[in-house]
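Visitor: Protein chains in written order, with my numbering: chain A, 1 to 277; chain B, 1 to 277; chain C, 1 to 338; chain D, 1 to 259; chain E, 1 to 259.
Calculated from the structure, these hints are not laboratory results. Given the structure is predicted, the values throughout are model-derived calculations rather than measurements. Mixed in with the good hints, there may be bad ones.
[Stated by the list, open to error] Here are the in silico distance ranges between beta carbons for each label pair: (1) A:LEU266 <-> E:ILE13: 43 to 49 Å; (2) A:SER191 <-> B:PHE190: 54 to 60 Å; (3) B:LYS31 <-> A:GLY94: 55 to 61 Å; (4) A:MET244 <-> B:ASN263: 36 to 42 Å; (5) E:GLU230 <-> B:LYS31: 28 to 34 Å; (6) A:TRP143 <-> C:LYS274: 33 to 39 Å; (7) B:ARG32 <-> D:THR183: 36 to 42 Å; (8) A:THR83 <-> B:ARG32: 42 to 48 Å; (9) E:GLU230 <-> D:GLU108: 33 to 39 Å; (10) A:ALA98 <-> E:ARG248: 54 to 60 Å.
C-beta: ideal position from N, C-alpha, C; glycine also.
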Amino acid sequence: MEQGSTNVNIVSRTVQPQRQTIRNRVAFLEKRTPVYASVLGVLGILTLWEGLARIQVIPPLFLPSPSAILAAGWQMVTTGEVTDNILTSLMRIGTGYAIGAVAGIVIGLLLGFFRWVDSVLTPVIYSIYPIPKIALLPLFILWLGIGELPKFTIIALGVFFPVVINTYAGVKQVDPILLKAAVTFGSKYFSVIRKVILPAALPTIFAGLKLAAGNSLLLLVSAEMIAAEKGVGSMILHYGNLMMTTNLMVGVLILSMLGLLFNRSLEWLERKLLPWK
Amino acid sequence: MEQGSTNVNIVSRTVQPQRQTIRNRVAFLEKRTPVYASVLGVLGILTLWEGLARIQVIPPLFLPSPSAILAAGWQMVTTGEVTDNILTSLMRIGTGYAIGAVAGIVIGLLLGFFRWVDSVLTPVIYSIYPIPKIALLPLFILWLGIGELPKFTIIALGVFFPVVINTYAGVKQVDPILLKAAVTFGSKYFSVIRKVILPAALPTIFAGLKLAAGNSLLLLVSAEMIAAEKGVGSMILHYGNLMMTTNLMVGVLILSMLGLLFNRSLEWLERKLLPWK
Amino acid sequence: GKSAEKQGNSAEPANPSEPANTKPAESKSVSLALLKFTSNAPLFIAYEKGFFKDEHLDVELKWFDSANAVNVAVASSSVDIAAAGLTADFYNMIAQGQKMFLVADKGREEKGYAYSALVLPNDSPYKSVEELKGKKAAITTIGSTNHYSIARILENHGMSSKDVQWTPMNSVSGVVDAIKGKRVDFGFISEPNVTKAVDEGFGKTLTWISDEIKFQSSALVFSSKFISDRDASVRFLKAYLKGLRYYYDAALTKKDGKLAQGPNFDEVLKIITKYTGQPEDVIKKSFPFIDRNGKPDIDDLKEQIAWYAKEKLIVKTLEVDDFVDTTLLDEALKAAGN
Amino acid sequence: MRIVVENVRKQFIDTNKREITALKDINFTIAAQEFVVLVGPSGCGKSTLLNIVGGLLSPSSGEVSFEGLQGNKEPKLAIVFQEIALFPWRTVYENVIFGLEEQGASKEEQQEKGRHYIEMVGLTGFESAYPKQLSGGMRQRAGIARALAVEPDLLLMDEPFSALDAQTRTIMQEELLAIWNRTRLSTLYVTHNIEEAVYLADRVIVMSRRPGEIKNIIRIDLPKIGRNQEEYRLVFERYVDEIWQLIRHDAQEALKEGD
Amino acid sequence: MRIVVENVRKQFIDTNKREITALKDINFTIAAQEFVVLVGPSGCGKSTLLNIVGGLLSPSSGEVSFEGLQGNKEPKLAIVFQEIALFPWRTVYENVIFGLEEQGASKEEQQEKGRHYIEMVGLTGFESAYPKQLSGGMRQRAGIARALAVEPDLLLMDEPFSALDAQTRTIMQEELLAIWNRTRLSTLYVTHNIEEAVYLADRVIVMSRRPGEIKNIIRIDLPKIGRNQEEYRLVFERYVDEIWQLIRHDAQEALKEGD
Ligand SMILES: Nc1ncnc2c1ncn2[C@@H]1O[C@H](COP(=O)(O)OP(=O)(O)OP(=O)(O)O)[C@@H](O)[C@H]1O
Ligand SMILES: Nc1ncnc2c1ncn2[C@@H]1O[C@H](COP(=O)(O)OP(=O)(O)OP(=O)(O)O)[C@@H](O)[C@H]1O
Ligand SMILES: [Mg+2]
Ligand SMILES: [Mg+2]
């Protein structure tokens with residue numbers, strides 16, 4: 001066989017076309033696009049939109065131009081309308097989120113730790129989960145009146161479910177080997193919970209908290225359907241009723257930005273609390 | 001050392017208290033609750049609820065009793081009201097879901113395959129994602145009228161986002177080792193997509209489809225806020241407006257059951273399509 | 001006038017058994033749920049001009065977006081008083097055991113006073129109610145005053161509520177947009193939106209509701225909690241009556257069968273403008289009718305209940321005596337005189 | 001002191017609801033300061049047995065007991081798993097002192113012993129690193145330090161090195177032996193690797209599969225240190241061969257089975 | 001035919017933006033029907049080199065080429081990874097014929113070769129099983145069958161057995177050798193395990209780390225079959241020792257590094 005290969009070798013040396021270089025065939029996996037591409041997309045769409053609005057192909061009532069939205073937004077900022085509404089909404093989201101998150105984590109942990117609680121309550125929670133909160137608005141008013149309470153409740157419910165489900169899942173997904181290790185080293189029941197189950201479930205709990213952040217903003221609009229004079233949600237509803245679409249879009253823009261901010265804050269907190277991730 | 005152990009052995013044989021049996025210290029991890037526990041929870045809550053309603057602690061308007069809800073539900077079934085509304089809603093959900101899912105998968109795949117599309121469109125999609133659809137209801141009416149189109153659109157949007165994001169993530173998460181294997185065995189670009197990326201992304205796409213199923217039901221109520229005479233969502237709104245809370249709860253119950261059904265069907269489909277999972 | 005009223009009030013002999021009347025009444029806080037409608041003018045006036053304060057009532061206005069929410073709020077005693085729309089949900093809550101009390105008129109359709117109308121898109125070919133058969137009607141919701149009025153008008157023209165395609169838009173603005181966008185054949189609109197539709201040129205009136213039917217469409221409603229404080233209730237009604245008459249005399253008086261501007265007209269106009277946020281010249285075109293003595297049209301209430309029951313929009317029929325209490329009004333009237 | 005495993009039997013119910021016997025008639029003892037290694041083909045019940053001895057699983061019948069423990073105190077156990085069972089949210093130091101913490105040792109004792117055992121496994125300088133910042137070999141060293149720190153009456157190790165690459169493994173085996181020589185803990189060690197077994201064990205327990213029974217117990221008559229030297233090579237290889245012949249058929253069977 | 005690796009150098013930019021040289025001055029050839037094994041400590045660049053040869057990574061400089069390939073056709077490559085790189089959604093049979101499918105072979109050819117190579121690796125009867133239903137050893141057999149089925153000009157294997165348990169690994173090594181003897185494919189094989197290298201290789205390329213360079217190329221002068229027999233044991237051990245001495249220091253260094 002050495003012979004065979006040597007033969008071929010000689011042929012290739014003399015004829016040369018017999019030499020084939022290996023090329024990287026997965027180079028396409030590594031291709032990169034320039035950084036400006038991502039800015040380009042957003043800018044492009046904004047320009048197109050502005051252009052369409054300027055030449056009045058689409059009437060401004062139907063789709064206000066970005067510049068008009070910004071101008072309206074700026075004006076609403078200077079009159080203090082925006083700040084006022086944002087503060088009110090932040091208070092509602094903050095309270096509702098806090099209630100929902102704490103309740104979700106506590107009940108999630110109970111579900112995770114105590115099998116009886118788990119068996120009894122989990123089916124109940126899963127069957128209430130998919131009910132659209134907006135369908136229950138009239139009942140919320142009946143039950144909780146028209147003050148801040150029903151608003152907190154709606155937001156808290158939207159936060160509660162993802163948090164409780166993730167907390168529960170986090171507790172259940174703890175690697176049994178870690179539990180076994182802890183027990184072998186002498187940990188007792190509550191020590192196992194505090195030193196193993198809780199920290200192990202934290203990343204999953206955080207994922208729930210992030211999901212919940214999105215939900216809390218979605219439900220803000222529903223919550224502020226109930227007799228709210230202030231708040232970003234009620235502002236959106238108000239301008240929607242008046243068909244002042246430019247101002248409506250300002251509200252929508254604020255919601256998006258709040259969502260972004262909320263998400264970033266949670267990510268920052270996660271990095272602080274879970275340095276070992 | 002053999003000696004040492006023999007000594008101790010003799011001691012233990014004579015004195016006996018020196019013998020310590022090892023017990024399972026993680027038995028608590030394996031404790032089970034009886035099967036009836038989960039039924040118990042739901043039944044318990046229903047009974048409590050019925051009881052409270054019967055002794056009129058809570059007025060029936062505030063919280064109709066389960067038996068009243070069932071009775072109303074049965075009556076609405078016999079008049080054909082329920083079937084009619086369910087069929088209309090199913091048609092809307094079906095169409096909206098189909099449009100949203102197909103668009104989501106197609107665009108998700110494009111985002112995943114083509115880096116330029118990715119760079120340009122992904123930021124756009126992520127910034128539109130968190131906008132609550134309900135805030136845009138007035139605009140939807142302006143843009144699309146009050147027929148079926150805006151209803152389909154709202155549901156489709158609710159379905160589109162989780163599907164597009166999951167499809168994209170699914171494509172991006174394909175194990176590079178599988179791509180490398182395929183390329184080594186001679187797969188060309190489109191073959192890699194069809195034979196590796198698509199099947200590898202399928203489970204993640206399915207997860208998106210399941211999330212979307214929940215969303216489509218949540219948004220049904222919002223969609224049917226727009227000039228809908230029929231449909232489960234409009235039925236809920238109708239009875240909410242009339243403050244006929246018992247019938248309202250029938251609607252809520254139907255939504256929960258639709259959610260369950262939808263989820264089960266998708267799980268069944270998943271098992272059929274992904275036998276290798 | 002203010003001080004005179006006050007004196008009249010403190011000297012009021014009607015109910016000597018009530019201790020609150022003998023000593024100077026301590027200030028009571030009262031929450032009032034209402035929408036930004038012109039028909040709430042008496043309340044705006046009483047509030048703005050301090051009539052409530054004069055009665056030692058510390059009234060807090062709670063603004064709502066939906067009539068349904070106003071009714072639910074008063075039914076559950078979340079607020080003390082509501083400027084309520086008499087809609088199916090109102091009767092339903094009572095039918096299902098909720099206690100609340102209709103105490104006074106707060107707006108009705110009365111011939112000669114144009115307030116709500118059937119409005120057509122501007123290029124609509126229809127000229128009569130009869131032609132609306134089988135057409136699409138924009139309303140807020142089923143069981144609302146919109147729905148009720150149109151259905152009753154249809155019945156008066158030999159049709160039934162099944163003869164049009166109801167299109168519930170879930171909001172007043174939705175109804176206006178549906179007509180504006182020609183997405184429906186007609187719709188129910190109240191002032192000032194009727195004026196706006198005509199002025200902006202996208203709509204025209206087919207007929208005014210008050211030309212077709214009588215309809216007690218809204219009322220002052222007390223929660224069961226508030227009405228138990230009989231003294232405060234009467235005092236509230238006194239202030240209300242004062243506002244109501246101030247409004248009536250300014251805006252609803254007729255000379256030679258035609259509406260004429262009464263005393264304080266400009267002031268009343270300003271107040272309404274302030275509280276509804278609508279432009280003056282739009283407000284000016286039409287004022288909703290309210291009985292000068294606040295007497296509700298009990299017969300019409302009975303008719304409404306019968307109709308809703310027939311249409312199966314309320315869970316069961318009910319007696320007006322269960323929820324109407326005019327004794328308070330009578331007491332207040334006695335004190336107020338004419 | 002010694003650990004006695006008597007008539008241990010373990011049955012599981014598998015996913016098809018059939019009863020399978022994982023262990024049957026298991027009898028052996030571990031003397032004080034003895035290093036016992038369990039070898040056997042995949043699925044013969046090595047881990048099951050180790051878990052039963054460690055009090056992490058109940059035997060279906062039979063029992064495991066400690067005899068002649070001083071002062072009648074609870075036996076102290078420590079375990080090292082194949083999978084990196086370090087707590088990811090604890091630094092190396094916090095992991096190592098975990099057992100001491102749970103036993104209520106004083107802060108000073110924790111610090112002293114922590115430092116001592118971290119040094120013993122050669123991790124000085126990495127005290128405040130999180131597990132994910134370490135290589136596989138270093139993680140397993142931390143796992144060993146955590147086990148040693150409680151100074152257990154019995155040390156249990158379930159394939160501690162099987163996730164490491166061959167070269168790291170060789171180095172770790174040498175280190176383990178050196179450490180063991182200083183501590184002389186009674187040890188039950190599970191491995192698939194026959195060379196490793198012969199290299200480390202005082203006695204090798206060879207198991208068979210379906211049901212898992214003890215096939216043979218082989219005493220390794222070689223000096224504890226330096227078994228890899230040239231002079232012992234032939235005897236060493238003979239032990240390896242002897243055990244491989246006992247296992248080979250079962251191992252081939254095991255390979256044919258699905259997961 | 002032979003494969004020529006000429007002056008290959010590879011630099012990476014690591015997470016701290018520093019440039020690290022993974023490979024430097026790599027020169028060697030693989031002759032037709034030659035089995036070349038790469039050994040070296042963790043992180044020395046073995047996988048990087050194998051990926052460059054397989055066309056899955058571009059060298060920073062230098063090149064890899066096939067000389068004297070018949071008919072000037074594209075060289076056919078096949079690869080077996082450590083990680084189970086079978087397509088989970090394909091059955092064993094569908095996995096094995098993947099390469100044939102991609103080369104446009106006819107259905108008959110696919111069936112014939114599929115059956116042939118499935119039988120060769122001993123998986124007959126498991127054709128329609130999905131990978132997750134197989135044990136680790138069987139999965140790797142399917143991976144080998146998939147690679148053999150395309151009858152490649154060069155077979156690449158990156159630590160194919162390192163995830164298997166010791167006993168399964170021993171069995172698989174024997175089987176691989178038997179199969180290789182029937183097919184005699186030019187092979188580049190990466191491993192950490194020095195015994196495995198000496199057991200399988202015609203030539204062992206020993207690499208050093210930081211930067212990854214070739215330390216030595218050792219020809220194994222033992223008959224290809226039966227190297228584990230008693231008579232060759234001493235020579236075998238000498239090769240193992242020689243290589244271990246070349247690597248030992250680097251391996252200890254590698255162990256000290258974080259992940
Ligand atoms: N919880 C369980 N339920 C059912 N069967 C089990 C369970 N744990 C183990 N088994 C079965 O018991 C047998 C022994 O398993 P065990 O894990 O102890 O083997 P092992 O020797 O450690 O194998 P390996 O070498 O692969 O780690 C196997 O057949 C396994 O499938
Ligand atoms: N994509 C990459 N980016 C940056 N550095 C890399 C990359 N791939 C490999 N390296 C570095 O190059 C060096 C060689 O890596 P390689 O995976 O080839 O080593 P190896 O010999 O296969 O190691 P092992 O035995 O652990 O598999 C390592 O230091 C590694 O950290
Ligand atoms: Mg095991
Ligand atoms: Mg490698």
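Visitor: Next step is simple, just say for each hint if it's right about the structure.
Guide: Each hint tested on the structure:
With their beta carbons about 31 Å apart, A:LEU266 and E:ILE13 fall outside the hinted range of 43 to 49 Å. Checked against the hint of 54 to 60 Å, the pair A:SER191 and B:PHE190 passes, with Cβ atoms roughly 57 Å apart. Checked against the hint of 55 to 61 Å, the C-beta distance between B:LYS31 and A:GLY94 comes to roughly 39 Å, which is inconsistent with it. At about 40 Å, the beta-carbon gap between A:MET244 and B:ASN263 stays in the expected band of 36 to 42 Å.
Against the hinted window of 28 to 34 Å, the Cβ-Cβ separation of E:GLU230 and B:LYS31 comes to about 55 Å, which falls outside the hint. Taking the beta carbon of each, A:TRP143 and C:LYS274 are about 34 Å apart, inside 33 to 39 Å as hinted. At roughly 40 Å, the beta-carbon separation of B:ARG32 and D:THR183 lies within the given 36 to 42 Å, and the hint holds. For the pair A:THR83 and B:ARG32, the beta carbons lie near 56 Å from each other, so the given range of 42 to 48 Å is not met.
Between E:GLU230 and D:GLU108 the Cβ separation comes to about 58 Å, which falls outside the hinted range of 33 to 39 Å. The hinted window of 54 to 60 Å between A:ALA98 and E:ARG248 holds, with their beta carbons roughly 59 Å apart.
In summary, the structure is inconsistent with hints 1, 3, 5, 8 and 9 from the numbered list given earlier, while agreeing with the others.
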